[in-house]
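S.K.: With the hints as a guide, bring both chains together as one complex.
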Amino acid sequence: MNADLNQLALRLDAVVRVVPGVSSLFSAEPALVRSARAITAAQPVGLVSVAAGPDGLSIVASVGVSAEVQAPTTALTVSDAIRDALDPAVAETAAIHVRVSRIAD
Amino acid sequence: MNSDGDTDGDTDSDIGGSGYSLEQLADYLYRGRTPPIPEIDENAECQAMLDSLERLGTLSSELVSKDALDAPGVDETWLATLLATIGREVRAGRDIPYAATNPNTRLTITEGAIRELVRAAGDSVDGVLVGTCSIEGDLDGGGDAGEGDVAESTITVSLTISVVLSAPVTTLAQAVRERVHSELLKHTELHVSAINVTVVDVHMLTTAIEDES
Numbered sequence: 000m001n002a003d004l005n006q007l008a009l010r011l012d013a014v015v016r017v018v019p020g021v022s023s024l025f026s027a028e029p030a031l032v033r034s035a036r037a038i039t040a041a042q043p044v045g046l047v048s049v050a051a052g053p054d055g056l057s058i059v060a061s062v063g064v065s066a067e068v069q070a071p072t073t074a075l076t077v078s079d080a081i082r083d084a085l086d087p088a089v090a091e092t093a094a095i096h097v098r099v100s101r102i103a104d
Numbered sequence: 000m001n002s003d004g005d006t007d008g009d010t011d012s013d014i015g016g017s018g019y020s021l022e023q024l025a026d027y028l029y030r031g032r033t034p035p036i037p038e039i040d041e042n043a044e045c046q047a048m049l050d051s052l053e054r055l056g057t058l059s060s061e062l063v064s065k066d067a068l069d070a071p072g073v074d075e076t077w078l079a080t081l082l083a084t085i086g087r088e089v090r091a092g093r094d095i096p097y098a099a100t101n102p103n104t105r106l107t108i109t110e111g112a113i114r115e116l117v118r119a120a121g122d123s124v125d126g127v128l129v130g131t132c133s134i135e136g137d138l139d140g141g142g143d144a145g146e147g148d149v150a151e152s153t154i155t156v157s158l159t160i161s162v163v164l165s166a167p168v169t170t171l172a173q174a175v176r177e178r179v180h181s182e183l184l185k186h187t188e189l190h191v192s193a194i195n196v197t198v199v200d201v202h203m204l205t206t207a208i209e210d211e212s
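So the protein lines, in turn, are chains A and B.
Going letter by letter, the first sequence gives residues 0 to 104 in numbering that gives the first Met the number 0.
Going letter by letter, the second sequence gives residues 0 to 212 in numbering that gives the first Met the number 0.
A couple of the hints might just be wrong.
As the list claims (entries may be wrong) - Quick partial rundown of chain A residues pointing at chain B, CB under 8 Å, derived from the structure:
id	residue
1	V14
2	V17
3	Q42
4	S65
5	P71
6	I95
7	S100
Treat the hints as calculated values from the structure; they're not laboratory data.
Built from N, CA and C at the ideal position, the CB exists for glycine as well.
Pulled out of the complex, with its shape left as it was, chain B reads as follows (with noise of 0.2 Å):
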């Protein structure tokens, strides 16, 4: 359980503890949140969920248009691993210190709004969607370091990438890392050791290559 129990009851199934499924939060999502559901919009796993699930229908497209094509049969695999993947990573997991001077003030952020946000910041740069993300190393504040202390805590992130290739792929990864490794120096207090980006799957600009031809 987390420190606050966010995922408090967490089953496969069970987004954050909330009682509603993936299956349940995509109609919600398709009826455009309405009528409003309070355990659904004051949980920050299913907003953090509903979130992607927006993302994805949108990032996906071109991927999946392409995809449909070629072998039709292949994507609803595919998006339900990426589904079921996302759904692991939203949940709260550890908190992660900020540094505070008031010994009864204690600041932190959850290991998955960490997620989320590195996520956020891959699927930003255009082309690129991304698969799986891992943060690994020592996110409580290291060894001996007291609480708040993150001084020397060091973390190693690896992602999994998609990519439409619009431009060449060492750029798109480029690109990612960069993106990734701002929006953790802005938001965290983490030392970022590495950003490793692997792309697992390249997808050619069929429509831009069918008009040219």
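If we strip away everything but chain A, and leave its shape as in the complex, we get (with noise of 0.2 Å):
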């Protein structure tokens, strides 16, 4: 991940961590991977994944979700808050993975 994705990343962790039902942001990477590209960045570094490919951008983020609201419906409102964080030319095609990992408070 180039540093302009890994600052998107880190815009995108503070966008996802505020979503009304999102108790926790986990790393979507596996560690090593993470732990590999923090090393290499020599700064901090997302957890929420951005990557760059030839249909456009493809974001990946891992939630611990309350268990007070329904799942799927704070999984779609990640979803959309990603999209909307991101410029309108790049979000009509890109790709979000939103991927509840806990529900939990």
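M.R.: Given below as structure tokens:
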């Protein structure tokens, strides 16, 4: 992930954390990959994964959600929040994957 | 490997590919999760394991205290087996799709999150401790169904539970069944065809009986 994509990932981290119903944000990448990336980046790396592909950005967010709200509803809200945070031209083609990894407060 | 690789590099002693073992997670818990360890705090499987350890510590205490009087030495094996089971169940596993209307949006829940949900629902019934939890069926959406089409997904949930006999066994088992069903209805889009609850241990409320005598 280049510096621009990492900056976007960090920005999306902040976006996802404040979505109602999100109780935690986890690394979307394997721990080893993230650790290696953190070492090479020499700066904080995002928990949301952002990658550039031929068809546009590929974004993955792994979240823990509150048991108070239906998990599918929160997942959809997260994906909408991510898309809304992107530039419109980028948002149109971005592939967004929201993974509910835990349901716990 | 899970699609996001949450369990990449997993070994039997490595929870969620974090590089931390069950014993190290237990130590972290006993230290009050301080100082913070990002590799644990940002790992869903480690967090699920820590919460399970916490819940287990509370729920097992009355079962263990009774067992320790009757058969000291049995409990360590029982707890070790239970912890190993939970360690396997918290693994993320497959991504189970939720319906999504935007073709560029994919919404999923991990198999591990569903198992944790089921376990927590069962444990929430007073006097019940879930032993094993398995989910069988077509979690991926069913036969020829496309990605995100979960309408035909049908699953069977099977649980084993230990109970403190504070109510008839059938009442406790039914309460577990109802809570598990309610949580699955709320947080998944799966069709639950059956929830099988098997009671494998029954413990008497000795304290209450002794108090009365």
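S.K.: It remains to establish, for every hint, whether it holds in the given structure.
M.R.: Do the hints match the structure? See the list:
1. V14: Check failed: Cβ of A:V14 comes no nearer than 15 Å to chain B, outside 8 Å.
2. V17: Check failed: Cβ of A:V17 comes no nearer than 17 Å to chain B, outside 8 Å.
3. Q42: violated, 14 Å
4. S65: violated, 10 Å
5. P71: For A:P71, the interface hint holds, since the closest Cβ of chain B sits about 4 Å away, which is under 8 Å.
6. I95: holds, 5 Å
7. S100: holds, 4 Å
When held up to the earlier numbered hints, the structure conflicts with 1, 2, 3, 4 and fits the remainder.
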